[in-house]
Amino acid sequence: MKFNIFTQKQQTVVNHQGEKAFRLSPEAELYAAVVTASLNDGFYEKADDRLARIQELMLKNDPAFVARLAIYARNTMYLRSVPMVLAVELARLNSGNGLVAKTVNGVVKRADEITELLAYYQMANKRAGIKKLNKLSKQIQKGLAASFNRFDEYQFAKYNRDADIKLRDALFLVHPKAKDEAQQGIFNRIASNQLAVPYTWETELSALGQVCYEDAGARQAAFRAKWEELIESGKLGYMALMRNLRNIIEADVSVMHINRVCNQLSDEAAVAQAKQLPFRFLAAYREVQVLKSVYVRMVLNALELAVQASVRNLKGFEDSTRVLIACDVSGSMQMPVSPKSKVMLYDIGLMLGMLMQSKCRLVITGMFGDRWKEINMSGRSVLNNVQEYYKRAGEVGYSTNGYLVIDDLLERRVRIDKVMMFTDCQMWNSKADGSNFDKSWKAYKAFAPEARLYLFDLAGHGNTPIRAERDDVFLIAGWSDKVFDVLQAMENGASAIDQIKKIAL
1 MKFNIFTQKQ QTVVNHQGEK AFRLSPEAEL YAAVVTASLN DGFYEKADDR LARIQELMLK
61 NDPAFVARLA IYARNTMYLR SVPMVLAVEL ARLNSGNGLV AKTVNGVVKR ADEITELLAY
121 YQMANKRAGI KKLNKLSKQI QKGLAASFNR FDEYQFAKYN RDADIKLRDA LFLVHPKAKD
181 EAQQGIFNRI ASNQLAVPYT WETELSALGQ VCYEDAGARQ AAFRAKWEEL IESGKLGYMA
241 LMRNLRNIIE ADVSVMHINR VCNQLSDEAA VAQAKQLPFR FLAAYREVQV LKSVYVRMVL
301 NALELAVQAS VRNLKGFEDS TRVLIACDVS GSMQMPVSPK SKVMLYDIGL MLGMLMQSKC
361 RLVITGMFGD RWKEINMSGR SVLNNVQEYY KRAGEVGYST NGYLVIDDLL ERRVRIDKVM
421 MFTDCQMWNS KADGSNFDKS WKAYKAFAPE ARLYLFDLAG HGNTPIRAER DDVFLIAGWS
481 DKVFDVLQAM ENGASAIDQI KKIAL
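Residues in the sequence shown are numbered consecutively from 1, following our numbering.
Because the hints were derived from the structure by calculation, they are not lab data.
Fair warning: this is a prediction, and the values are worked out from it, not measured in the lab.
Please note that the accuracy of each hint is not assured.
In silico lysine-lysine, DSS-like type, Cα no more than 25 Å apart, as pairs [stated by the list, open to error]: (1) 292 with 373; (2) 138 with 177; (3) 275 with 340; (4) 442 with 431; (5) 501 with 60; (6) 482 with 359; (7) 235 with 177; (8) 373 with 109; (9) 166 with 109; (10) 502 with 109; (11) 359 with 275; (12) 439 with 373; (13) 340 with 166; (14) 391 with 373; (15) 391 with 292; (16) 342 with 315; (17) 342 with 391; (18) 340 with 373; (19) 373 with 431; (20) 315 with 275; (21) 179 with 142; (22) 109 with 359; (23) 177 with 142; (24) 391 with 442; (25) 275 with 445; (26) 315 with 482; (27) 391 with 60; (28) 60 with 126; (29) 445 with 431; (30) 109 with 501; (31) 179 with 166; (32) 502 with 142; (33) 226 with 179.
Pairwise CB distance ranges, derived in the manner of DEER restraints [what the hints assert, rightly or not]: (34) 392 with 12: 18 to 26 Å; (35) 494 with 362: 23 to 31 Å; (36) 412 with 391: 25 to 33 Å; (37) 291 with 175: 26 to 34 Å; (38) 256 with 289: 21 to 29 Å; (39) 297 with 175: 52 to 60 Å; (40) 202 with 149: 22 to 30 Å.
We treat Cβ as the ideally placed atom computed from N, Cα and C, and that holds for glycine.
Construct the entire structure; sequences and hints are all you get.
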């Protein structure tokens with residue numbers, strides 16, 4: 001079975017709701033656990049438990065697959081922490097043949113990730129005191145040494161923070177070999193703590209904050225001028241721009257500068273280079289939406305254009321294909337993706353669902369909890385649609401009765417080609433009337449034999465409410481819009497696991 005990523009024995013397990021579910025293969029379970037990992041406590045699983053499960057799953061998988069998965073998570077799914085975890089854990093498993101060095105070099109994409117990887121190495125090996133990083137894995141050392149040659153002085157200086165493990169510590173520990181005299185000069189300045197202070201929005205605003213002003217008006221004028229200068233400098237990165245939209249608007253910069261901000265936000269090349277997770281746009285949209293300013297509408301429109309640019313190449317289903325998109329808004333989906341984030345798992349599901357909806361011609365959309373409810377929206381906006389769903393989430397209750405989505409199609413005799421569900425996959429039946437997801441899908445397939453089911457797993461708990469029996473059920477996991485690349489690969493006869501295994505080491 002080409003698409004079957006479940007275990008050969010089709011092991012039946014019980015999910016977190018006590019409902020019958022089906023265990024994934026070790027490869028599929030590790031993939032789902034990794035690409036949905038924020039390493040903070042979830043509704044069903046604590047961060048330490050998720051980490052322990054990932055460590056256990058690594059033992060059940062080929063080290064080369066783990067290495068490729070780490071690189072996939074960093075470069076395709078845009079995750080930062082969990083790829084470093086995989087690289088360090090591979091080193092602890094004593095994987096040889098240069099595999100760890102290649103993995104480290106493949107996941108370290110920012111200068112601060114050198115020290116972050118070492119910080120996790122220290123924690124994972126329970127090191128403390130002056131010699132907390134002694135006996136560093138030679139393979140990690142080799143991989144980090146190669147990474148040191150990837151960054152210029154600005155990049156090093158930008159992330160040269162006064163943390164527990166400093167860039168200077170990493171330099172002395174790793175002993176990278178400079179590629180030329182200019183690089184050696186940078187290394188010397190790291191060693192002597194003489195890197196040039198970088199021109200960043202943080203350093204500029206920090207310096208401005210140290211100044212004493214005559215009154216609040218003078219302070220406001222100074223910060224307005226500084227934000228206008230930063231916007232004009234071209235050195236305000238895309239992520240920094242999105243994070244500071246509220247500050248920029250509240251600083252009351254000029255119309256010319258707001259136009260520049262909006263142009264940068266909606267620039268297709270800038271969006272592609274920034275590689276932002278879709279929910280980042282949603283977080284920025286929400287921050288701006290509540291402000292009182294004539295600039296709000298302009299910025300919201302720019303964010304909508306940015307989202308559309310981010311999925312410009314998403315093929316979707318614009319022909320005669322009939323699509324149903326169902327978003328899980330149950331209680332377990334209402335968990336933040338990180339301790340400091342206001343974005344929840346069901347926000348990610350709604351965001352991905354609305355992105356797909358915008359690319360489909362014949363489509364039904366809705367959400368489910370205790371009940372299933374169709375809420376069809378225009379395909380012209382994405383972020384505004386998500387907000388409308390967000391406001392109405394309580395209308396369907398908080399259980400995970402996903403089987404009702406399928407039952408409704410069957411009762412109304414509606415033929416759908418592709419059923420797409422954005423969920424944590426912890427389906428159950430709160431009504432206790434004998435119905436379940438597996439039974440409902442089998443009944444629907446008898447009515448619509450060509451139908452296919454796509455489960456977009458947003459939590460990675462390692463089980464699904466249904467198993468693949470006739471190549472008609474597909475599992476896709478992750479929070480990035482790149483999940484739709486996996487969808488397209490499946491349409492062409494491949495799977496996420498196939499994509500990962502093709503990554504060069």
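Straight-line Cα separation of residue 373 and residue 431 no greater than 25 Å? Holds. Residue 373 to residue 431 sits at ~17 Å (cutoff 25 Å).
For a C-alpha distance cap of 25 Å, please report whether residue 502 and residue 109 respect it. Judged against 25 Å, a Cα distance of about 20 Å means the pair holds.
With the threshold set at 25 Å, check whether the alpha-carbon distance from residue 482 to residue 359 stays at or below it. 14 Å, holds
Check whether the Cα positions of residue 342 and residue 315 lie no farther apart than 25 Å. With a Cα-Cα distance of about 30 Å, the restraint between residue 342 and residue 315 is violated, given a limit of 25 Å.
Restraint check for residue 235 with residue 177, where alpha carbons must lie at most 25 Å apart: 29 Å, violated
Given hint residue 142 paired with residue 177 - CA-CA distance at most 25 Å: 10 Å, holds
Mind checking the hinted window 52 to 60 Å against the Cβ distance between residue 297 and residue 175? 55 Å, holds
Are residue 315 and residue 482 close enough, with their CA atoms no more than 25 Å apart? Holds, because 12 Å separates the two Cα atoms, which is no more than 25 Å.
Decide if the proposed pair is consistent with the structure: residue 166 and residue 109, CA atoms, cutoff 25 Å inclusive. 17 Å, holds
Pairwise hint evaluation, residue 275 against residue 359, where the allowed Cα distance is 25 Å at most: Roughly 20 Å separates the two Cα atoms, so the pair holds.
With the threshold set at 25 Å, check whether the alpha-carbon distance from residue 179 to residue 142 stays at or below it. OK: residue 179 and residue 142 at ~15 Å, within 25 Å.
Could you grab the alpha-carbon distance between residue 501 and residue 60 and see if it respects the 25 Å cut-off? 16 Å, holds
Figure legend: structure checked against the earlier numbered hints; hints not met, in rising order: 1, 7, 8, 16, 18, 22, 24, 25, 27, 33, 34, 37.
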